[in-house]
Amino acid sequence: MADSPVDALLKGSSGRTTRGMLRIIILAIIAAAAVSSRLFSVIRFESIIHEFDPWFNFRATKYLVQHGFHSFWDWFDDRTWHPLGRVTGGTLYPGLMVTSGVIYHILRFLTIPVDIRNICVLLAPAFSGLTAFAMYLLTCEMTVSPSAGLLAAAFMGITPGYISRSVAGSYDNEAIAIFLLVFTFYLWIKAVKNGSIMWGALTALFYGYMVSAWGGYVFITNLIPLHVFVLLCMGRYSPRLYISYTTWYALGTLASMQIPFVGFLPIRNSDHMSALGIFGLIQLVAFAEFVRGFIPGKQFQRLLTTMIILVAAVAFLGLVVLSASGVIAPWSGRFYSLWDTGYAKIHIPIIASVSEHQPTAWPAFFFDLNFLIWLFPAGVYMCFRELHDEHVFVIIYSVLASYFAGVMVRLMLTLTPIVCVAAAVALSTIIDTYVLTTPGPLPRAKSSAESSSDGLRSTRGAVVGITSYVSKAMITVSVAIYLLLFVAHCTWVTSNAYSSPSVVLASRLPDGSQFIIDDYREAYYWLRQNTPENAKIMSWWDYGYQIGGMADRPTLVDNNTWNNTHIATVGKAMSSREEVSYPILRQHDVDYVLVVFGGLLGYSGDDINKFLWMVRIAEGIWPDEVKERDYFTARGEYRVDDEAAPAMRNSLMYKMSYHNYHNLFQPGQAMDRVRGSRLPAEGPQLSTLEEAYTSENWIIRIYKVKDLDNLGRSHNNAVAFDRGQKRKRATKRKGPRVLRTE
Amino acid sequence: MNIFSFLLPFVSILPAVLGATSKSDTFEKYQALSRFGPIDLDDSSYDELTSKPRDYHVAVILTAADPRFGCILCREFQPEWELIAKSWNKGPRSDDTKLLFGTLDFTDGRNTFQKLMLQTAPVLLLFPPTVGPSARVDDGPLRYDFSGPISADQLYTWITRHLPEGPKPPLVRPLNYMRIVSFVTIMMAVVTLFTVLSPYVLPVIQNRNLWAAVSLIAILLFTSGHMFNHIRKVPYVVGDGKGGISYFAGGFQNQFGMESQVVAAIYAVLSFATIALAMKVPRTADKKAQQVAVVIWGTVLLGMYSFLLSVFKAKNAGYPFFLPPF
Numbered sequence: 001m002a003d004s005p006v007d008a009l010l011k012g013s014s015g016r017t018t019r020g021m022l023r024i025i026i027l028a029i030i031a032a033a034a035v036s037s038r039l040f041s042v043i044r045f046e047s048i049i050h051e052f053d054p055w056f057n058f059r060a061t062k063y064l065v066q067h068g069f070h071s072f073w074d075w076f077d078d079r080t081w082h083p084l085g086r087v088t089g090g091t092l093y094p095g096l097m098v099t100s101g102v103i104y105h106i107l108r109f110l111t112i113p114v115d116i117r118n119i120c121v122l123l124a125p126a127f128s129g130l131t132a133f134a135m136y137l138l139t140c141e142m143t144v145s146p147s148a149g150l151l152a153a154a155f156m157g158i159t160p161g162y163i164s165r166s167v168a169g170s171y172d173n174e175a176i177a178i179f180l181l182v183f184t185f186y187l188w189i190k191a192v193k194n195g196s197i198m199w200g201a202l203t204a205l206f207y208g209y210m211v212s213a214w215g216g217y218v219f220i221t222n223l224i225p226l227h228v229f230v231l232l233c234m235g236r237y238s239p240r241l242y243i244s245y246t247t248w249y250a251l252g253t254l255a256s257m258q259i260p261f262v263g264f265l266p267i268r269n270s271d272h273m274s275a276l277g278i279f280g281l282i283q284l285v286a287f288a289e290f291v292r293g294f295i296p297g298k299q300f301q302r303l304l305t306t307m308i309i310l311v312a313a314v315a316f317l318g319l320v321v322l323s324a325s326g327v328i329a330p331w332s333g334r335f336y337s338l339w340d341t342g343y344a345k346i347h348i349p350i351i352a353s354v355s356e357h358q359p360t361a362w363p364a365f366f367f368d369l370n371f372l373i374w375l376f377p378a379g380v381y382m383c384f385r386e387l388h389d390e391h392v393f394v395i396i397y398s399v400l401a402s403y404f405a406g407v408m409v410r411l412m413l414t415l416t417p418i419v420c421v422a423a424a425v426a427l428s429t430i431i432d433t434y435v436l437t438t439p440g441p442l443p444r445a446k447s448s449a450e451s452s453s454d455g456l457r458s459t460r461g462a463v464v465g466i467t468s469y470v471s472k473a474m475i476t477v478s479v480a481i482y483l484l485l486f487v488a489h490c491t492w493v494t495s496n497a498y499s500s501p502s503v504v505l506a507s508r509l510p511d512g513s514q515f516i517i518d519d520y521r522e523a524y525y526w527l528r529q530n531t532p533e534n535a536k537i538m539s540w541w542d543y544g545y546q547i548g549g550m551a552d553r554p555t556l557v558d559n560n561t562w563n564n565t566h567i568a569t570v571g572k573a574m575s576s577r578e579e580v581s582y583p584i585l586r587q588h589d590v591d592y593v594l595v596v597f598g599g600l601l602g603y604s605g606d607d608i609n610k611f612l613w614m615v616r617i618a619e620g621i622w623p624d625e626v627k628e629r630d631y632f633t634a635r636g637e638y639r640v641d642d643e644a645a646p647a648m649r650n651s652l653m654y655k656m657s658y659h660n661y662h663n664l665f666q667p668g669q670a671m672d673r674v675r676g677s678r679l680p681a682e683g684p685q686l687s688t689l690e691e692a693y694t695s696e697n698w699i700i701r702i703y704k705v706k707d708l709d710n711l712g713r714s715h716n717n718a719v720a721f722d723r724g725q726k727r728k729r730a731t732k733r734k735g736p737r738v739l740r741t742e
Numbered sequence: 001m002n003i004f005s006f007l008l009p010f011v012s013i014l015p016a017v018l019g020a021t022s023k024s025d026t027f028e029k030y031q032a033l034s035r036f037g038p039i040d041l042d043d044s045s046y047d048e049l050t051s052k053p054r055d056y057h058v059a060v061i062l063t064a065a066d067p068r069f070g071c072i073l074c075r076e077f078q079p080e081w082e083l084i085a086k087s088w089n090k091g092p093r094s095d096d097t098k099l100l101f102g103t104l105d106f107t108d109g110r111n112t113f114q115k116l117m118l119q120t121a122p123v124l125l126l127f128p129p130t131v132g133p134s135a136r137v138d139d140g141p142l143r144y145d146f147s148g149p150i151s152a153d154q155l156y157t158w159i160t161r162h163l164p165e166g167p168k169p170p171l172v173r174p175l176n177y178m179r180i181v182s183f184v185t186i187m188m189a190v191v192t193l194f195t196v197l198s199p200y201v202l203p204v205i206q207n208r209n210l211w212a213a214v215s216l217i218a219i220l221l222f223t224s225g226h227m228f229n230h231i232r233k234v235p236y237v238v239g240d241g242k243g244g245i246s247y248f249a250g251g252f253q254n255q256f257g258m259e260s261q262v263v264a265a266i267y268a269v270l271s272f273a274t275i276a277l278a279m280k281v282p283r284t285a286d287k288k289a290q291q292v293a294v295v296i297w298g299t300v301l302l303g304m305y306s307f308l309l310s311v312f313k314a315k316n317a318g319y320p321f322f323l324p325p326f
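Chains as they are written, first to last, in the working numbering: chain P, 1 to 742; chain E, 1 to 326.
What the hints contain is simulated information worked out from the structure, not anything from laboratory work. C-beta atoms are modelled at their ideal positions from N, C-alpha and C, and glycine is treated no differently. Check before you lean on any hint, since a few could be wrong.
Claimed, not checked - Reference listing, derived: stretches of chain P covered by chain E, where coverage requires no fewer than 3 residues with Cβ under 8 Å from a Cβ of chain E:
1) 369-379
2) 389-400
3) 403-415
4) 471-479
The whole structure should be built from the sequences, with the hints applied where relevant.
Structure follows, in structure tokens:
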């Protein structure tokens, strides 16, 4: 492979040197564009970690940098999942933290003093530059067109589908994982093309890195065997394939098993079974190929048939026996829910509740990919023109990833790279055809058209090229316009949709000036300053990582949703009456309860809107005590106003959200601006909790759990006494009597 | 309060002693009726079955399976209900747990529906026994509201949770022999056909154009939100309130079935124009024809893309970009 892209940059005559130089400059500019378009949030707000999961990664990175690698590996975190704790070192993908830790230490070694936070904030943009380069390499393997690689790199650099997960501050696993994904695929294509153990081993190395970085490695684990399988079915077995696959599988599996969180999954879990199965299959095929050389045709046929039947029967029996005896795990939930789309909603509400696990409507595709989305099928079609081994890979990847992206919004991320490849192939064909000034056949396209007799219908006939300048000008101009539009679209989308840290919110005042809403940090710092070091905070799991990261207080549940029962306990406490919730709070040592309330500001991502999921998850564990139906009115409406269902109005969440809220308004005028409904004139009464803190715009409300009453009264009675009501009247006014069991 | 709960066992024993003989007769009688599946009830038998005192559990589904009432859920759940009853009646169970299954259809039991003031169907009522070891203080029926289509397994776990401790028969789905036989037949037919017709079929299977068409269709389907339609079960089209049809759903997170097909068609036309420009046109030898083809495909590309942008702008109000014609 003298024509490999890296060689092209380095070797050759002066003309090629100039072109190589240009290429390097262009790639550097693309990388710069990729980095700079991700900096909106830093410029607008500040260098801050975004959203939810990144706060955990940030906290873990700080721990790694402070305590060193070994204690990070054995880290038992007693400040989350109180009182259970979490074996953090064994239940995370350490790749991201280790990467930034290494960068930190290198910079320190070079005596550049950098705060670890800035490394974490800027890691994702930096890696996006690398992704653009990996994209260039991958696309150059797919086509001989000189422009395709650069186009693909540019697309990958600025397409919103990738920016959505890699803006500055979005310090998440995907930040480095997409680079690793693309680069692993590049190495794999290289390995298949060359049949060399070196490339296969490199693929395995980067695959191992990928496994350490992101759970999405399963995509690679299944895509590569599928590629091999399809090639085998097409009768394209070759020693190249055998060498590259067996090298990758053996080394890659060993590498992936080094991660404690993955452990023995690669040989037990059904997600990884296809890789193992193909490994066995390719041995058999190789053996058959070997035998074919020694046995005459007729007998070989018979032998082959017998062998196929025998092996299929043995494999089937083995599979049945192993899964029946429980050696092989049953279908694991997250991956299985991709195939059986109704599965998650019924069996794993906690997965279904995450907004990024929802199916994708078409505007989201166009929003994230713009005109690449219609260049994509054209590019896939062009892959059928030559249909080498690497083109088969593009086709399989395209079909599979479009399915996944359609089922889950977040998997748009795995679709984006292949869309960029295919779109670049399509567009570069057009550019090569129309921008070339001299009429006449293209030297390379001609040879391919002549050789393929069974090729595509549209490639029959010799290429004559474009003869008129009018046609050339027309197409060139329109392509230029589409490209400009694409850049404008990407910048607009990035600036408007993907650059908000979601920890700090921005809105516009009527006069157009920017108004920063910083309630989250305000409240978390209040917790940090005003509560004891070990005060346990209860909140819905979405905010667990942020509380751990910003307030540095122990939490009951967090975004690592490993224990459904514990989450359901919190859900039950939130959705039950105070009399039921208070014992739960006491049993879990809860000192403060934190809720997010958007009613004053019209912030729609608040807890009342998430409330039904709390109810559903709690119902999954205590179906007799919490029932989703009770939270709707008789007509099946979800309301918070006068007509709200009794279970709703008595729930702890409702009471905490609207406590004292009516005092902000004229009597009877209290409005909830998210639900757009008028609230009851009389606000809810809390007796077992007291308001501790409410942030400036009421987004975060913190309540302190009262201690047991000094005189042994129930909290209800104590509150009634404080209000000056006599005991008898208080019980009468409280509505239905409650059976107390003490 | 305390005194009352102290008295209660005595109160409930009294009728038990008196009615012990007659009650087990009711149970025997109805159990004989329900050898297979649930008993079909009407107003009078419903009253008899659920009358106090009783020493058995009764699970009655109040349904409206007649097509006149248009209760799809009732009809869908009917076989599942029969499955539950059949599994219970046939399965091994201890004699201590007495449970009867009944179905009361609206056509046979209007009075009961009125008496219970039921507005919706189906509703499941589980009557606990009023006498005997597993009697409850609160002898009113437990009610299960159907909030959507559910499977027999879910309902069965709900029922067994409210039964006293003891062995319960597992829910057995009968093997669908029809399905197995038809599957085997079809497989054999496919294999036979393939072996017989392989000289004719193989060229088709190995045809590159066919595979290209299949993968492109799949990609177009998925990228135009077909899976969203499938999972969310969106309506195909919706009226716009003025007698017409609105093809495009308002809002960024929404779409209709028809809408996604329109979008898929737009993508297809755009891709096809691209393919034509990139691969067909450079192979046209005639200069005039080539010029015309370029103009046509270029215009199609521009027009369609502009239309796509205008549709997207309609769905996403703040979107600032557009192309001339639309």
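We went through each hint and held it up to the structure:
no., hint, result
1, 369-379, "holds (count 7)"
2, 389-400, "holds (count 3)"
3, 403-415, "holds (count 4)"
4, 471-479, "holds (count 4)"
When the structure is compared with the earlier hints, no violation turns up for any of them.
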